[in-house]
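S.K.: In case you want the letters, here they are:
Number of protein chains: 2
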Amino acid sequence: MKRILVDAFGGDNAPLDVLEGVLESRKKCDINISVVGNKNKIDQISKENNLNIENLEIIDCKTEIAGNDDPMEILKSKSESSMAVGLFSLSQKKFDVFVSAGNSGALLVGTNMIVKRAPNIRRIAFAPIIPKLEGKFLLLDAGANAQCSSEILHQFAFMGVDYFKSISNVENPKVGLLNIGSEDNKGDNLRKETYQLLKSSNLNFIGNIEPNDILFGDCDVVVSDGFSGNIFVKSIEATIKTLICLFKKDKNNLDFLKNNEHTYLNQKKFAQESYSVLLGANNPVIKLHSSIKSSSLCEFLISLNENIK
Amino acid sequence: MKRILVDAFGGDNAPLDVLEGVLESRKKCDINISVVGNKNKIDQISKENNLNIENLEIIDCKTEIAGNDDPMEILKSKSESSMAVGLFSLSQKKFDVFVSAGNSGALLVGTNMIVKRAPNIRRIAFAPIIPKLEGKFLLLDAGANAQCSSEILHQFAFMGVDYFKSISNVENPKVGLLNIGSEDNKGDNLRKETYQLLKSSNLNFIGNIEPNDILFGDCDVVVSDGFSGNIFVKSIEATIKTLICLFKKDKNNLDFLKNNEHTYLNQKKFAQESYSVLLGANNPVIKLHSSIKSSSLCEFLISLNENIK
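One line per chain: the protein sequences are A and B, in this order.
The numbering of the first sequence is numbering that gives the first Met the number 0, which starts it at 0 and goes up by one.
The numbering of the second sequence is numbering that gives the first Met the number 0, which starts it at 0 and goes up by one.
Hints listed in this document are in silico derivations from the structure and should not be mistaken for laboratory results.
Keep in mind that a hint or two might mislead.
Same chains, same label: a pair holds when it works inside one copy or across any pair of copies.
As the list claims (entries may be wrong) - Here are the simulated DSSO-like cross-link-like pairs (lysine-lysine), alpha carbons at most 27 Å apart as the crow flies:
id, residue 1, residue 2
1, K46, K26
2, K38, K93
3, K131, K257
4, K240, K131
5, K185, K75
6, K247, K164
7, K61, K92
8, K1, K164
9, K46, K173
10, K131, K26
11, K173, K131
12, K185, K240
13, K185, K267
14, K185, K115
15, K248, K267
Note that the structure is predicted; figures quoted are calculated from it, not measured.
Work out the full structure: start from the sequences and follow the hints.
M.R.: Here is the structure:
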């Protein structure tokens with residue numbers, strides 16, 4: 000069974016929601032899970048909230064990283080934070096995967112510097128799993144690397160396909176290049192060069208792909224530089240938020256929103272279901288949305304435990 | 000009174016919807032409007048549909064450009080199309096503004112080559128007016144220039160501000176730089192360089208701006224390269240389409256969608272209200288959404304007639 004380590008002090012609702020989510024997942028299934036964080040604080044909050052943490056392994060550490068801390072502090076003043084210690088434990092192979100809802104920038108810096116890049120990997124990518132009309136797709140990069148070369152994007156495609164295979168039953172995932180048109184020669188120089196590299200690869204490359212075809216289509220892995228990938232996912236989120244805001248003006252729609260499970264009808268659900276993998280590190284690191292609640296965390300951990308191979 | 004020329008053969012519903020929209024706008028207000036297109040075809044379709052085109056000036060021409068024609072054909076086999084002849088008439092100052100719902104690429108090529116860039120303008124930008132939660136904003140560039148330098152983006156900001164002033168009562172429009180974070184040093188090299196140029200300009204520059212802050216905020220002019228600007232606007236459209244598609248599954252929502260006028264609740268309305276200006280040409284060229292219907296065209300023409308200065 001894979002060993003999962005969770006950052007108890009990552010996210011807006013930490014540590015309470017993290018602890019509740021972890022404990023709930025242990026009740027619901029057979030799962031090997033530990034948390035990292037200041038033990039005294041965890042003991043105290045557990046007592047205050049009647050949480051039974053008796054058999055829960057806690058990796059003790061001194062402090063934690065705040066959402067607004069400078070990411071570089073994970074290597075300096077926050078080198079004994081739950082995130083830093085968690086990444087260090089992962090790098091020592093004490094665990095198989097590290098999960099945090101904390102500061103994205105710090106997690107990226109820490110993953111690069113503590114867990115380190117896997118051999119021959121040029122860049123670690125921020126790779127969210129994003130819901131679409133039917134199913135989900137993997138986007139990489141979604142913000143870790145604002146500046147990319149075509150060689151980097153080419154490698155992202157392979158990294159994305161490997162990962163997508165590992166979490167799905169799809170044997171030959173479809174790869175698309177995020178672009179402003181579907182024709183071969185569309186986009187800027189970066190896109191034109193990347194298109195040629197992907198076309199001559201042995202991947203299941205379906206060509207350039209626009210936002211609409213991604214949300215309504217069957218592309219599994221969408222390749223992008225971190226700048227436009229980030230604009231893409233943040234535009235989806237902002238639009239959902241705008242529409243939900245308008246819909247909530249009519250209370251008939253509130254019932255519909257409540258009764259309908261699709262993540263596009265719930266901006267919080269969308270954010271919480273769009274977890275990101277930091278692909279390309281020596282060991283797997285997963286970033287959850289900072290606003291994640293205990294119930295979503297519990298669901299996520301159970302699904303992670305089932306799918307991790 | 001400004002003289003408006005409309006491409007009778009631009010768009011999916013041309014020429015019938017174009018003619019109906021034009022005639023309707025003439026009924027509703029005092030407007031100086033002409034159309035360009037093959038006169039025989041216009042006469043025929045008017046007869047078939049009982050349209051009274053008696054006092055409508057028609058600039059006659061041989062042919063038209065199709066939506067899927069290669070844009071370069073406007074200079075070659077389609078140099079006598081309604082779009083080409085319309086742009087030529089505009090360049091000869093026979094009209095003050097040319098409006099078309101036809102092939103975007105051809106309109107861009109034609110504007111560059113026939114109407115030509117205004118003095119000192121580096122690039123013509125595709126600048127849509129986009130609805131947001133409250134009001135609208137101008138985005139440039141949204142797809143005409145996939146590859147941009149910081150000098151080009153700097154100039155886009157000035158072009159956008161000038162135009163925004165001309166269509167609004169805002170004296171000092173707020174300018175934002177589309178970016179993946181709001182901090183000063185966010186983004187790739189292009190963003191970092193552009194940020195410095197805009198910061199030291201005399202514009203009302205409010206800094207880097209993310210999609211969410213654009214849709215919920217009060218930024219008037221959003222500056223972007225054509226690649227990420229295009230991803231931004233197409234992501235908004237795709238998300239609206241996805242959500243509307245989900246909402247239509249419940250018929251209670253159909254009534255709400257019908258009764259609520261906000262453009263974010265109607266993907267067609269959104270597309271039709273997001274018309275684009277080709278900024279930076281010697282004379283103004285406006286691109287309407289290819290799916291525009293007569294009623295939206297009529298509304299647009301009346302508003303154009305009122306606002307053009």
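S.K.: A separate judgement is required for each hint: does it hold in the structure or not?
M.R.: Hints and how they fare:
Only within a single protomer do K46 and K26 lie at most 27 Å apart by alpha-carbon distance; the minimum there is 19 Å, versus 76 Å between protomers. For the identical chains of this complex, K38 and K93 are intra-copy neighbours only, at 18 Å inside a copy versus 79 Å across copies, given an alpha-carbon limit of 27 Å. In this homomeric assembly, K131 and K257 come within 27 Å of each other (Cα to Cα) both inside a single copy, at 19 Å, and across copies, at 25 Å. Taking the shortest Cα distances, K240 and K131 sit within 27 Å of each other both inside one copy (15 Å) and across copies (11 Å).
For a Cα distance limit of 27 Å, the shortest separation of K185 from K75 across copies, 22 Å, qualifies, whereas the shortest one inside one copy, 44 Å, does not. For the identical chains of this complex, K247 and K164 are neighbours neither inside a copy (38 Å) nor across copies (33 Å), given an alpha-carbon limit of 27 Å. In this homomeric assembly, K61 and K92 come within 27 Å of each other (Cα to Cα) only inside a single copy, at 21 Å, whereas the closest approach across copies is 74 Å. With identical chains, the CA atoms of K1 and K164 are at most 27 Å apart within one copy only, with a shortest distance of 18 Å there and 61 Å across copies.
Taking the shortest Cα distances, K46 and K173 never come within 27 Å of each other, neither inside one copy (49 Å) nor across copies (51 Å). For the identical chains of this complex, K131 and K26 are neighbours neither inside a copy (31 Å) nor across copies (45 Å), given an alpha-carbon limit of 27 Å. When the C-alpha separation of K173 and K131 is checked against a cutoff of 27 Å, the pair qualifies only within one copy, where the shortest distance is 15 Å, while the shortest distance between copies is 34 Å. In this assembly of identical chains, the alpha carbons of K185 and K240 lie at most 27 Å apart only when taken from different copies (23 Å versus 30 Å within one copy).
Proximity of K185 to K267 under the C-alpha cut-off of 27 Å is restricted to the inter-copy arrangement: shortest distance 25 Å between copies versus 34 Å within a copy. Taking identical chains as interchangeable, the C-alpha atoms of K185 and K115 lie at most 27 Å apart only when they sit on different chains, with a minimum of 23 Å there against 35 Å within one chain. When the C-alpha separation of K248 and K267 is checked against a cutoff of 27 Å, the pair qualifies both within a copy, at 17 Å, and between copies, at 21 Å.
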